[in-house]
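Engineer: Take a look at the letters that make up each chain.
4 protein chains.
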Amino acid sequence: MYFASDNAGPVHPQVMDFMVKSNTGYAQPYGEDLLMDQVRDRLRDIFEAPEAAIYLVALGTAANSLALATLTQPWQTIFCSDVAHIHVDECNAPEFYTGGAKLTLVRGGDKMTAESLRACIEGEGNRGVHGPERGPVSITQVTERGSVYSIDELTALTKVAKSYDLPVHMDGARFANALVTMNASPADMTWRLGVDAVTFGGTKNGLMGVEAVIFFDPKHAWEFELRRKRAAHLFSKHRYLSAQMLAYLTDDLWLNSARQANANCARLAQGLQTAGAELLHQPDANMIYAKFPRRIHVRLRDAGAIYEFEHPKQGDPDEMLSCRLVCDWSISPDLIDEFLSFF
Amino acid sequence: MYFASDNAGPVHPQVMDFMVKSNTGYAQPYGEDLLMDQVRDRLRDIFEAPEAAIYLVALGTAANSLALATLTQPWQTIFCSDVAHIHVDECNAPEFYTGGAKLTLVRGGDKMTAESLRACIEGEGNRGVHGPERGPVSITQVTERGSVYSIDELTALTKVAKSYDLPVHMDGARFANALVTMNASPADMTWRLGVDAVTFGGTKNGLMGVEAVIFFDPKHAWEFELRRKRAAHLFSKHRYLSAQMLAYLTDDLWLNSARQANANCARLAQGLQTAGAELLHQPDANMIYAKFPRRIHVRLRDAGAIYEFEHPKQGDPDEMLSCRLVCDWSISPDLIDEFLSFF
Amino acid sequence: MYFASDNAGPVHPQVMDFMVKSNTGYAQPYGEDLLMDQVRDRLRDIFEAPEAAIYLVALGTAANSLALATLTQPWQTIFCSDVAHIHVDECNAPEFYTGGAKLTLVRGGDKMTAESLRACIEGEGNRGVHGPERGPVSITQVTERGSVYSIDELTALTKVAKSYDLPVHMDGARFANALVTMNASPADMTWRLGVDAVTFGGTKNGLMGVEAVIFFDPKHAWEFELRRKRAAHLFSKHRYLSAQMLAYLTDDLWLNSARQANANCARLAQGLQTAGAELLHQPDANMIYAKFPRRIHVRLRDAGAIYEFEHPKQGDPDEMLSCRLVCDWSISPDLIDEFLSFF
Amino acid sequence: MYFASDNAGPVHPQVMDFMVKSNTGYAQPYGEDLLMDQVRDRLRDIFEAPEAAIYLVALGTAANSLALATLTQPWQTIFCSDVAHIHVDECNAPEFYTGGAKLTLVRGGDKMTAESLRACIEGEGNRGVHGPERGPVSITQVTERGSVYSIDELTALTKVAKSYDLPVHMDGARFANALVTMNASPADMTWRLGVDAVTFGGTKNGLMGVEAVIFFDPKHAWEFELRRKRAAHLFSKHRYLSAQMLAYLTDDLWLNSARQANANCARLAQGLQTAGAELLHQPDANMIYAKFPRRIHVRLRDAGAIYEFEHPKQGDPDEMLSCRLVCDWSISPDLIDEFLSFF
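Protein chains in written order, with my numbering: chain L, 1 to 343; chain A, 1 to 343; chain X, 1 to 343; chain V, 1 to 343.
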């Protein structure tokens with residue numbers, strides 16, 4: 001019963017099969033492989049963006065940091081949620097990659113609102129050379145708490161950013177999970193709203209380790225390539241990254257896996273609510289923040305369930321403790337039911 | 001007929017098989033997987049270094065840059081050959097990772113000698129705060145020109161470094177190829193000589209993309225872990241890196257593949273010499289720098305041979321043109337003979 | 001009527017005289033001048049810290065950034081007030097100098113409390129390699145709003161820092177102004193409480209541009225010297241920095257100037273209160289944040305008064321608008337009375 | 001008898017007087033002082049460059065590093081002489097300020113030639129993302145060995161740079177000394193040849209510590225201002241920098257001082273030659289590299305002469321030892337004659 005993250009499950013068999021199938025003879029290294037041409041074509045189709053510059057790296061932090069560094073000057077500040085992955089979980093990678101830019105945290109604990117974002121932008125960038133200049137806005141979709149921004153919410157945020165001429169980055173580590181929830185097209189969720197760069201995640205949705213970075217304006221292409229190489233994120237045997245991404249984009253695997261993950265999550269959420277647990281955020285995708293009594297946590301832990309929660313063992317058995325539960329595509333309904341049976 | 005590099009061939013089937021076999025259920029992410037424990041044990045055994053701190057990253061440039069950054073202060077200079085990969089082929093990654101350290105180039109075009117190294121060290125580090133301070137010495141083994149430092153040569157170099165109390169890094173992108181040539185143990189080639197950190201390559205010898213970084217003194221461990229994470233080189237699905245490295249170290253695959261690559265290279269070198277080509281460096285491992293007439297280059301190119309050489313088409317057909325030919329484990333004797341048939 | 005800052009007034013005549021007097025013949029460059037020996041001795045005496053490493057730079061931002069960089073790893077976060085100069089007014093200099101460390105802002109709008117600091121520290125540094133590690137605590141004394149931490153308040157803050165083994169930096173751009181308010185010794189305000197490094201300001205108190213950086217533990221000395229040189233803050237004609245600081249420390253000029261500035265401020269504060277203005281912070285030193293009606297602002301501005309305030313001209317004449325008023329040593333009581341006459 | 005450097009002498013009395021005269025009342029801080037307007041006008045006149053962006057910093061290393069950082073991307077390499085100050089004497093400041101760019105050293109020991117520069121440029125920048133890209137060319141005028149590039153030599157160098165579309169920086173720490181030797185106008189020596197940015201030195205020619213950075217294309221202005229602030233090189237009490245530079249540019253003080261320094265040097269050089277010393281470089285400005293017997297060195301040292309030379313005391317009294325002798329404006333003919341009397 002592993003609900004700790006969607007970054008620890010297996011590679012989807014279709015992906016692995018295609019990697020094995022691609023493992024023959026030589027292929028041009030460093031992103032010059034023929035599979036990459038197909039990846040590029042597919043993603044341009046999917047995003048309805050025939051000019052987009054598209055690159056693969058193996059890690060989400062690399063994708064975020066390199067994309068942001070391309071959009072940010074070292075004397076600027078990046079606006080993001082105070083629980084954004086780029087702030088909380090990347091060990092200062094954005095600061096490293098940008099050469100020392102700042103992150104301005106939009107308070108609220110998860111989703112940014114147009115108002116909170118605007119207030120933060122207003123608070124920065126008006127001190128001439130003394131303060132940081134305003135830099136990009138980074139939006140996490142699915143959010144770090146498992147919610148999905150609606151098109152209206154995204155529109156409001158990007159409108160604010162654009163009213164200050166700021167570039168917009170979307171951390172889409174769970175892009176597919178958001179998309180299948182939103183019932184929108186990739187273009188609707190991104191460049192049509194003014195998003196400039198997207199981290200298009202694959203790793204949390206069945207790949208071994210591949211994220212695409214997409215710039216809708218190809219003027220960023222060459223700088224990104226140099227940044228990627230300088231940061232040691234350009235793979236010589238790049239074809240295996242391409243193969244993963246190509247399998248992902250074939251026969252809607254990316255969407256189907258996300259649907260499966262989200263459905264698993266919905267089943268779990270419903271079960272939790274039925275069992276009296278409290279949901280702390282709207283579980284729009286594949287991640288739940290919930291609260292239920294310590295005694296159930298203890299029982300689950302004793303049975304081998306693995307997930308993030310605080311203060312497990314000691315204390316009042318009825319105390320409500322919060323936890324995070326993540327479902328990926330590979331989890332089975334049976335496992336979810338087994339988990340719920342402990343309530 | 002692909003002789004352009006050893007970074008474009010297929011993943012060894014035993015490695016791919018083991019990756020597939022490892023693709024089941026959940027595994028702790030971020031290097032906490034159980035396979036990594038086995039990798040660590042194996043490498044400690046192989047290096048006779050039970051205390052060594054051992055990490056995996058996916059790229060050689062990452063391994064070099066992170067290892068060097070851990071050993072270097074930003075106001076220091078790293079001593080290396082003027083054709084070292086860290087200088088020539090990493091797009092300033094060492095400068096980026098170290099926060100702006102300098103590289104002092106030991107002239108000579110490939111191998112450093114104790115004398116040339118000492119002269120360079122003497123030339124730096126004696127201007128107090130004004131000049132850079134002396135930093136690590138980085139030795140590439142196999143060299144960038146396909147030669148292997150003998151134990152005596154390595155001893156002389158490390159002795160110089162240690163006489164100035166400088167740390168020593170070994171870029172062993174082709175560590176296995178050097179080892180099988182030298183008839184030495186990994187420990188003999190490294191820590192017994194005073195080497196502090198090794199980039200232990202796998203990618204050029206049959207892996208998909210894994211290099212180990214080994215610090216013989218574990219005091220560097222935590223700093224390296226933070227640097228790796230901050231640089232976005234810590235994989236969530238780390239087990240697939242572990243699986244590659246474990247397969248590599250099982251049943252002497254790493255040594256056998258290197259022997260095969262070197263034998264391929266020797267066959268090619270001998271054929272070239274018989275055919276009147278001039279060898280520019282001693283081809284001790286799996287890489288040849290050779291010179292032969294343009295007309296043969298043209299013929300080979302026309303037949304589809306791929307390898308690095310200068311000024312291919314135009315000019316005097318008898319002009320001797322230099323080129324680089326690299327053999328990996330996957331190349332067949334037949335292919336080599338086919339290549340030689342064009343002479 | 002210039003009340004905009006204490007960084008725009010003249011150099012104290014005693015300082016200028018001593019600079020002129022020092023302008024004869026040659027002096028060893030780069031901090032090797034004989035005057036620096038006297039500066040070092042004086043500051044060690046004043047701080048009762050015979051081992052302290054002491055350096056001069058010309059700017060407060062340089063002093064803060066270099067001191068913090070010496071105490072901070074790039075993967076750490078610095079804890080400071082959300083209005084700290086290092087956050088608000090240094091254009092990402094701390095991020096630049098530390099190689100990309102983060103600043104964690106202790107909310108509250110000025111003074112940190114032990115509780116707010118502890119909560120911030122607790123919130124960081126417990127995510128292993130994923131989050132930033134905990135770095136130094138930086139305390140601004142006099143605060144950015146013109147208040148002075150009492151010894152009890154400082155004790156509480158440093159106790160928290162030390163309970164996490166974190167180094168403590170004091171941004172003492174207005175160190176003298178705080179000291180004369182506190183009726184404490186420099187040692188009491190710093191190393192006796194666990195402060196590790198101090199920016200000992202001079203520029204805002206009558207110097208042309210000199211701040212001392214003091215490390216109570218000399219182990220930081222050599223690294224600081226290299227950082228200072230690498231950042232281009234080591235003056236060749238260093239004697240003129242030494243001369244300023246020496247004049248400052250002679251005959252209690254530093255304390256007398258601070259007393260004068262604080263007395264000026266007290267006169268102004270009292271006058272403002274008498275005139276019905278609202279004081280927004282306790283004006284403990286030489287800086288006032290006050291609120292009074294727009295019409296008075298307009299009148300003052302029309303009369304040529306210069307100081308920071310918001311939305312000057314338009315709007316309801318009775319609207320209370322906030323402003324900042326700073327007094328340095330050079331301002332005369334007459335000028336203050338003239339200012340007050342507009343109420 | 002101080003001949004060690006031109007960075008240790010006194011401030012010219014006219015400069016000091018003007019600083020004293022400027023020490024009255026308030027002045028807008030951070031480069032907004034009225035004196036700076038005059039400085040800007042004067043330098044634009046002198047350089048016949050009405051659009052030039054002009055800034056002051058206090059140190060030559062800051063001027064060089066900030067100017068180069070503005071012209072260089074972190075993945076580029078800067079071309080300079082192998083004895084350039086930016087390489088030898090700035091403790092990796094250019095690498096720090098550029099965010100990790102490389103320096104490619106044009107061998108030759110002092111002056112670059114068009115051929116040697118072209119060969120270095122050809123050697124870099126042709127490896128796509130793998131190697132560094134080509135960045136600016138930095139020319140030191142007066143060179144580090146005391147020679148002055150002729151207009152023809154400068155033309156040849158800048159032509160090479162421009163044929164690769166590379167920006168050109170001139171480290172003019174001794175700009176005035178070069179100018180009075182060359183009998184050329186500032187414009188002839190700079191932008192008419194394609195120089196993009198100049199470090200216009202003052203510190204080595206009688207100022208306390210001021211260098212101007214001049215960009216002939218004002219598009220660099222805002223970036224430079226942010227870089228200067230972020231690096232803590234923007235003075236609050238900037239008027240004292242302005243005052244120095246204004247005095248320097250008044251009544252040809254800058255040129256007269258340089259003429260005096262050069263004349264002193266010529267007197268010394270002639271005396272040395274008459275006395276049988278060997279000159280190692282053409283002493284075109286105010287610096288001599290010479291060789292003469294150890295016994296004379298010993299005698300001079302015993303008499304209190306201070307200058308840079310190697311291996312002073314021990315060894316064969318007739319051995320020829322090299323040394324550096326620098327004259328600034330403040331040195332008297334008598335002192336030179338006294339020095340020569342030891343031969």
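Treat the hints as calculated values from the structure; they're not laboratory data.
Beta carbons: idealized from backbone N, C-alpha and C, even for Gly.
Do not rely on the hints blindly, as some may be mistaken.
[Said to hold, decoys possible] Pairs of lysine-lysine residues, derived as DSS-like cross-links and limited to a Cα-Cα distance of at most 25 Å, are as follows:
1) 219(X) - 162(X)
2) 219(V) - 219(L)
3) 219(V) - 291(V)
4) 291(A) - 219(A)
5) 162(A) - 21(X)
6) 162(A) - 21(L)
7) 219(V) - 21(X)
8) 162(L) - 159(V)
9) 219(L) - 291(L)
[Said to hold, decoys possible] Pairwise CB distance ranges, derived in the manner of DEER restraints:
10) 165(V) - 51(A): 51 to 57 Å
11) 306(V) - 221(L): 53 to 59 Å
12) 113(A) - 165(L): 53 to 59 Å
13) 188(L) - 51(A): 26 to 32 Å
14) 317(L) - 187(X): 49 to 55 Å
15) 165(V) - 295(A): 35 to 41 Å
16) 119(V) - 343(A): 41 to 47 Å
17) 291(V) - 113(A): 28 to 34 Å
18) 126(A) - 38(X): 45 to 51 Å
19) 165(V) - 165(L): 44 to 50 Å
Engineer: State for each hint whether it applies.
Structural biologist: Here is how each hint holds up against the structure:
| no. | hint | result |
| --- | --- | --- |
| 1 | 219(X) - 162(X) | holds (18 Å) |
| 2 | 219(V) - 219(L) | holds (20 Å) |
| 3 | 219(V) - 291(V) | violated (47 Å) |
| 4 | 291(A) - 219(A) | violated (47 Å) |
| 5 | 162(A) - 21(X) | violated (50 Å) |
| 6 | 162(A) - 21(L) | violated (49 Å) |
| 7 | 219(V) - 21(X) | violated (43 Å) |
| 8 | 162(L) - 159(V) | violated (43 Å) |
| 9 | 219(L) - 291(L) | violated (47 Å) |
| 10 | 165(V) - 51(A): 51 to 57 Å | holds (53 Å) |
| 11 | 306(V) - 221(L): 53 to 59 Å | holds (57 Å) |
| 12 | 113(A) - 165(L): 53 to 59 Å | holds (57 Å) |
| 13 | 188(L) - 51(A): 26 to 32 Å | violated (56 Å) |
| 14 | 317(L) - 187(X): 49 to 55 Å | holds (53 Å) |
| 15 | 165(V) - 295(A): 35 to 41 Å | holds (37 Å) |
| 16 | 119(V) - 343(A): 41 to 47 Å | violated (33 Å) |
| 17 | 291(V) - 113(A): 28 to 34 Å | holds (30 Å) |
| 18 | 126(A) - 38(X): 45 to 51 Å | violated (29 Å) |
| 19 | 165(V) - 165(L): 44 to 50 Å | violated (29 Å) |
In terms of the numbered hints stated before, the structure departs from hints 3, 4, 5, 6, 7, 8, 9, 13, 16, 18, 19, listed from lowest to highest.
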